[in-house]
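Trainee: Here are the chains, one letter per residue:
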Amino acid sequence: MSGPITLPTLRMMLDYVDTPVLVKLKSGLRIKGVLKTYDQHLNIILGDAEEIGETSIRRLGLTLVRGDSVVVITPAA
Amino acid sequence: MSGPITLPTLRMMLDYVDTPVLVKLKSGLRIKGVLKTYDQHLNIILGDAEEIGETSIRRLGLTLVRGDSVVVITPAA
Amino acid sequence: MSGPITLPTLRMMLDYVDTPVLVKLKSGLRIKGVLKTYDQHLNIILGDAEEIGETSIRRLGLTLVRGDSVVVITPAA
Amino acid sequence: MSGPITLPTLRMMLDYVDTPVLVKLKSGLRIKGVLKTYDQHLNIILGDAEEIGETSIRRLGLTLVRGDSVVVITPAA
Amino acid sequence: MSGPITLPTLRMMLDYVDTPVLVKLKSGLRIKGVLKTYDQHLNIILGDAEEIGETSIRRLGLTLVRGDSVVVITPAA
Amino acid sequence: MSGPITLPTLRMMLDYVDTPVLVKLKSGLRIKGVLKTYDQHLNIILGDAEEIGETSIRRLGLTLVRGDSVVVITPAA
Amino acid sequence: MSGPITLPTLRMMLDYVDTPVLVKLKSGLRIKGVLKTYDQHLNIILGDAEEIGETSIRRLGLTLVRGDSVVVITPAA
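Same order as they appear, the protein sequences are chains L, F, E, B, A, C and H.
My numbering puts the first residue of the first sequence at 33, with every later residue one more than the last.
My numbering puts the first residue of the second sequence at 33, with every later residue one more than the last.
My numbering puts the first residue of the third sequence at 33, with every later residue one more than the last.
My numbering puts the first residue of the fourth sequence at 33, with every later residue one more than the last.
My numbering puts the first residue of the fifth sequence at 33, with every later residue one more than the last.
My numbering puts the first residue of the sixth sequence at 33, with every later residue one more than the last.
My numbering puts the first residue of the seventh sequence at 33, with every later residue one more than the last.
Hints may be right or wrong, so weigh each one.
Stated by the list, open to error - Calculated cross-link-like contacts (lysine to aspartate or glutamate; reagent style EDC-like; alpha-carbon spacing at most 20 Å):
#, chain 1, residue 1, chain 2, residue 2
1, B, Lys58, E, Asp47
2, F, Lys64, L, Glu86
3, L, Lys58, C, Asp47
4, E, Lys68, E, Asp47
5, A, Lys68, H, Glu86
6, C, Lys64, H, Glu83
7, E, Lys58, F, Glu83
8, A, Lys68, A, Glu86
9, H, Lys64, A, Glu82
10, C, Lys58, H, Asp50
11, E, Lys58, F, Glu82
12, E, Lys64, F, Glu82
Stated by the list, open to error - A partial selection of chain E residues facing chain F, derived with a Cβ cut-off under 10 Å:
#, residue
13, Thr41
14, Arg43
15, Val49
16, Gly85
17, Ile89
Keep in mind that the hints were calculated from the coordinates and are not lab data.
Keep in mind it's a predicted model, so treat the numbers as computed, not measured.
Virtual Cβ for every residue (Gly too), placed ideally from N, Cα, C.
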């Protein structure tokens with residue numbers, strides 16, 4: 033289990049708001065979308081989200097991602 | 033473990049109430065249903081729920097989904 | 033980890049008491065039985081429970097299911 | 033993670049004390065034994081315990097089972 | 033997650049101190065050794081410990097086993 | 033679940049700031065980058081991060097790694 | 033999840049400081065190094081650490097191992 037993210041990490045997330053990010057989940061699933069909002073447990077809401085598969089992309093729309101599954105967040109090219 | 037979802041995320045969930053959503057679980061299971069109610073741990077109650085398999089759909093009816101297993105929630109087309 | 037289920041979810045569980053339910057566990061195991069009692073961590077007691085396998089059914093009797101393993105609860109036809 | 037079992041569930045466990053029970057663990061392991069004692073986290077002590085394999089039974093004797101691994105407890109025929 | 037073991041379970045562990053025990057871990061690993069000390073989270077210290085493989089035994093010496101991985105503790109013949 | 037890292041460990045992390053580190057995750061994923069900041073739950077921000085695969089390297093840029101997934105942190109050659 | 037290690041276990045770890053230890057992780061990974069420091073959540077710092085594979089050894093240097101992944105700690109021959 034991870035504790036809540038604290039100030040330095042939160043500040044970085046602030047820079048990501050309204051920009052496209054790529055979220056990698058514990059299951060290996062990758063979801064790309066515009067970061068709308070997040071909370072200190074890294075529960076995330078992505079706009080115009082897409083599930084990025086090995087060979088396909090699945091449109092998801094406004095998506096809630098539960099923080100417990102998040103492994104890595106990076107800016108999406 | 034994830035902490036409780038907080039205000040911004042809760043507000044988004046409010047928009048989903050009484051609309052069809054697709055819930056993806058840690059096991060890969062996908063359940064579609066009308067979002068009846070939820071709590072801050074993302075324990076969810078879906079009406080007229082269906083288990084969406086690769087090639088089949090299984091009717092579940094009024095279904096409780098435990099928040100601990102929830103990974104992603106999106107609007108269901 | 034999931035937090036305790038709260039009021040709306042508890043109220044729904046109340047409707048299930050003394051009715052047959054189907055409980056799906058993290059391991060994929062499915063157990064059917066009459067919901068006798070439950071608590072806020074979804075520790076559940078089922079009467080006349082049966083373990084529903086792909087091709088077989090195994091009689092379990094009065095069964096305690098630990099909430100930590102519960103993924104989905106639905107009414108059993 | 034599961035919270036501690038509460039009154040209704042504890043009361044049922046009381047009925048099991050000094051009777052043979054079958055405990056199914058997250059790993060799929062099944063252990064049969066006489067329920068000696070338990071606590072609210074379902075840490076369990078079984079007397080004359082046996083590990084029930086697909087084709088073999090392994091004598092364990094007085095055994096402590098950690099609650100974190102417990103999935104299902106049923107009366108053992 | 034498991035809560036701390038409480039009185040009845042602790043008392044049983046007391047009987048095991050300075051006797052050989054067999055500890056089975058979540059990974060399936062089995063470790064045999066003399067129980068030196070333990071705490072309420074079942075963090076355990078074993079003396080002259082050995083890792084019991086299917087076909088081999090590996091000498092470990094004075095070994096600390098983290099409670100989080102412990103599934104079953106039994107007396108070692 | 034791991035508790036927050038405490039003083040001695042935090043002090044060591046301080047030495048790593050602004051130096052290249054290699055982070056190994058529970059999934060086996062390895063990410064290399066310059067340690068920008070971290071918190072007591074080992075939520076980490078890496079600059080110019082790269083995902084180090086068996087045969088390929090994937091540029092990630094400014095990357096947030098959730099502490100819950102971190103297993104090992106070492107200086108990157 | 034494991035609670036913090038308490039006095040008896042901490043005292044044993046004290047004996048290990050500045051001596052070579054072998055740490056086995058949940059993933060099966062084995063890391064050998066000189067125990068520099070540790071905290072009550074078994075977050076560990078090893079000096080001159082090496083990753084011990086089945087057929088190869090990989091030099092890691094000063095390494096932080098997150099307690100959540102630790103299963104067994106033994107003195108390294």
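Trainee: Run every hint past the structure and note whether it holds.
Mentor: Taking the hints in turn, this is what the structure says about them:
no.	hint	result
1	B:Lys58 x E:Asp47	29 Å, violated
2	F:Lys64 x L:Glu86	24 Å, violated
3	L:Lys58 x C:Asp47	29 Å, violated
4	E:Lys68 x E:Asp47	12 Å, holds
5	A:Lys68 x H:Glu86	31 Å, violated
6	C:Lys64 x H:Glu83	17 Å, holds
7	E:Lys58 x F:Glu83	15 Å, holds
8	A:Lys68 x A:Glu86	25 Å, violated
9	H:Lys64 x A:Glu82	18 Å, holds
10	C:Lys58 x H:Asp50	27 Å, violated
11	E:Lys58 x F:Glu82	18 Å, holds
12	E:Lys64 x F:Glu82	18 Å, holds
13	Thr41	5 Å, holds
14	Arg43	9 Å, holds
15	Val49	13 Å, violated
16	Gly85	16 Å, violated
17	Ile89	17 Å, violated
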